[in-house]
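Peer 1: Put together the whole structure using the sequences plus the hints.
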Amino acid sequence: MGILPDEIERIVNAALVAELTVVNAKGRPVTHPMIPLYDGSKLWFHSSILFSKKLAHIRANPKVAVSITDPRAVTADPFHRVTIQGDARVIDDDVHRGWEPAVLQLWIDKEPIIKDFYAKRVALPLFWERALIEVTPRRAILWENGRTDLPPTVFELEAVAS
Amino acid sequence: MSQATATFPPDLERSFSHAVLSWVGDDGYPMSVASRFAVKNERVVLHEIGEVVSPPSGRDVNVIFSHIRPRPGEGYDERRYISAWGRLRRAGGTVEFTSTGSYHWDEKETPFFQYSELTVPQAHRFLGELSERRGETVKPKLAAGWLFLRATRLPFLTATAVPVFLGVAAAARRGPFRPGLALLTLLAACFIHLGLNVANDVFDDASGADEANTRPTQFSGGSRVIQYGLVSRKAMALMAAGFYAAGIGIGLYLAATSGFWALFWLGVVGVFISIAYTAPPLRLVHRGIGEVVVALGFGPIVTLGAFYVQAQRYTWEALYASLPVALLIALVLYLNEIPDRTADAVAGKRTLPVRWSKPGVLRGYALAVAATYGLIVGGVASGVMPVPALTALVTIPMAIGVYKGAREAYDDPYALMPAMAKNIQLHLATGMLLVLGFVASTAAHHLADDVPRLLR
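Line order of the protein sequences matches chains A and B. To convert, note that position 9 of the first sequence is 9 in the numbering used here; the numbers rise steadily by one, no gaps. To convert, note that position 176 of the second sequence is 176 in the numbering used here; the numbers rise steadily by one, no gaps.
Everything labelled a hint here was simulated from the structure, so no lab data went into it. Certain hints may be false.
Said to hold, decoys possible - Sample of chain B residues with no beta-carbon within 12 Å of chain A, all distances over it, derived: (1) Asp60; (2) Ile68; (3) Gly75; (4) Arg80; (5) Arg89; (6) Glu117; (7) Gln122; (8) Arg283; (9) Leu323; (10) Val346; (11) Lys404.
Stated by the list, open to error - Under the rule of at most 25 Å between Cα atoms (straight-line distance), these lysine-lysine pairs were calculated in the DSS-like manner: (12) A:Lys26 x A:Lys63; (13) B:Lys108 x A:Lys53; (14) B:Lys139 x B:Lys108; (15) B:Lys404 x A:Lys115; (16) A:Lys120 x A:Lys42; (17) B:Lys139 x A:Lys120; (18) A:Lys120 x B:Lys422; (19) B:Lys141 x B:Lys40; (20) B:Lys358 x B:Lys422; (21) B:Lys108 x A:Lys120; (22) A:Lys42 x A:Lys53; (23) A:Lys53 x A:Lys26; (24) A:Lys42 x A:Lys63; (25) B:Lys141 x A:Lys120; (26) B:Lys139 x B:Lys40; (27) A:Lys110 x A:Lys120; (28) B:Lys422 x B:Lys108; (29) A:Lys53 x B:Lys141; (30) A:Lys53 x B:Lys422; (31) B:Lys234 x B:Lys404; (32) A:Lys115 x A:Lys42; (33) B:Lys404 x B:Lys422; (34) A:Lys63 x A:Lys53; (35) B:Lys108 x B:Lys404.
Just so it is clear, CB atoms sit at the ideal spot from N, CA and C, and this is done for glycine as well.
Peer 2: Printed below as a string of structure tokens:
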């Protein structure tokens, strides 16, 4: 069992799209559609250096939220909407291959076609220069059956995370 | 693409199933909630943001409409999203969002490859900042083999191999076959071709042609290794010089073994036009004769050179045999110039697709293809080419396919890629069938004194 409650973990593991919200220099939220990966204790995202603005925002303000909202992006049944708040860290020690050990296999498990694209990284070389975004979850919010007009269940994860 | 706008497209409700509202809470963490929505008087009414959550009034919020539709196991399609920022206002039981600006991406209007190309400056900024933080230069990397393949555009060597084989095969039909010299000829021609590829990138980078091209494909727009920061312009220039040196060195040896001057001058012309193609001051491609120069280089010059090394003389027969191949390689360039035409026009390259309209370009393709096959038929009818060379006509359906593909995808570089790939295959297949035609005829002559007419 991971750090997230089972019903949330199931949704995160099944989701092919999530929204990562970061806070920019003006204190304004900025949301990016991204693929969420989960290793049992951390949520992982990875960003090409081609689309790297979010990385600077996270470095300046590590507080982020991750939401999973689209039923078409999730195969788990029943579909619940999920919001996870947490602290993010950018790992860009080696943008060439450094991101691979943490997420490449998780990514391929979720999107098998990535294996083919990755084998042809010569076709889009800068796309494959990537930084990791490691998110330590602090609070998880479950909107049962996707109903955001009803009170959600809130899980405080601080104690588990630390 | 990214743009400031405060209005939403009229089909917003049809295009997206829900909105995701985000704001920054009092504890500093962002919060996100999904909601059904409707558009009313240019405001977005969020139906499911009730009293349960309390987005703050008077604070900037973000609303994203995302349609990143997954196809499990296959990737994604119909990708588009709009990210808007603005303010909220409670009105009765609902919340209204008024946007003050937004950016969006829709892969139908900006394909992913183009989107990635447009963000290359962002990647460079990231690497610049990373280098500053680290106190050392951080550059993108590619495995050496892939980098060599990309920088040199190695797969395009088929353009050289075909005329070399043709020249050798045409010579062998009338005389002895010298495999060692054939191999050296192939090497020399390939080195010059690689030098040409790399040098073109250097000069196109210097002129700004490649940088202005935001819609490169794997067949057009250069190797882009300089634009991506994978190799410096200086290193590319050195590489080009190395290839030219190797090619010229082997060429001089071949000239020395075959009477020198006749082959020497052919080589001089070949090397000269390969450099002058994009190099100032001549920049032949800028003067509207790029297609002719390429046809000349990868047709008669290479074919006649290979023929001369083997036969020690020039013949009209060898020159004629090179013409269909010359037309086909010019058509490879011609089709590949279609997606580059806007950037080429900016850079002052007067290619035919820059100067001609779409119907004119398509008509030009059809005429050149017809002339190619006409030359083959005419060559066989006149006895200049052997009868088995007629097997090259089996590629006619392929040529028709390229024409149709070009017609349908003329304005979409990425949809045009299959036609460009097929066009390269057309040159290779037709050229190699011509080569095999000569080889079959030669083999028949060696095997029997009385060669059947169909193999002559």
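Peer 1: Of all the hints numbered above, which does this structure not satisfy? Sort the numbers upward.
Peer 2: 1, 2, 3, 4, 6, 7, 14, 15, 16, 19, 26, 30 and 31
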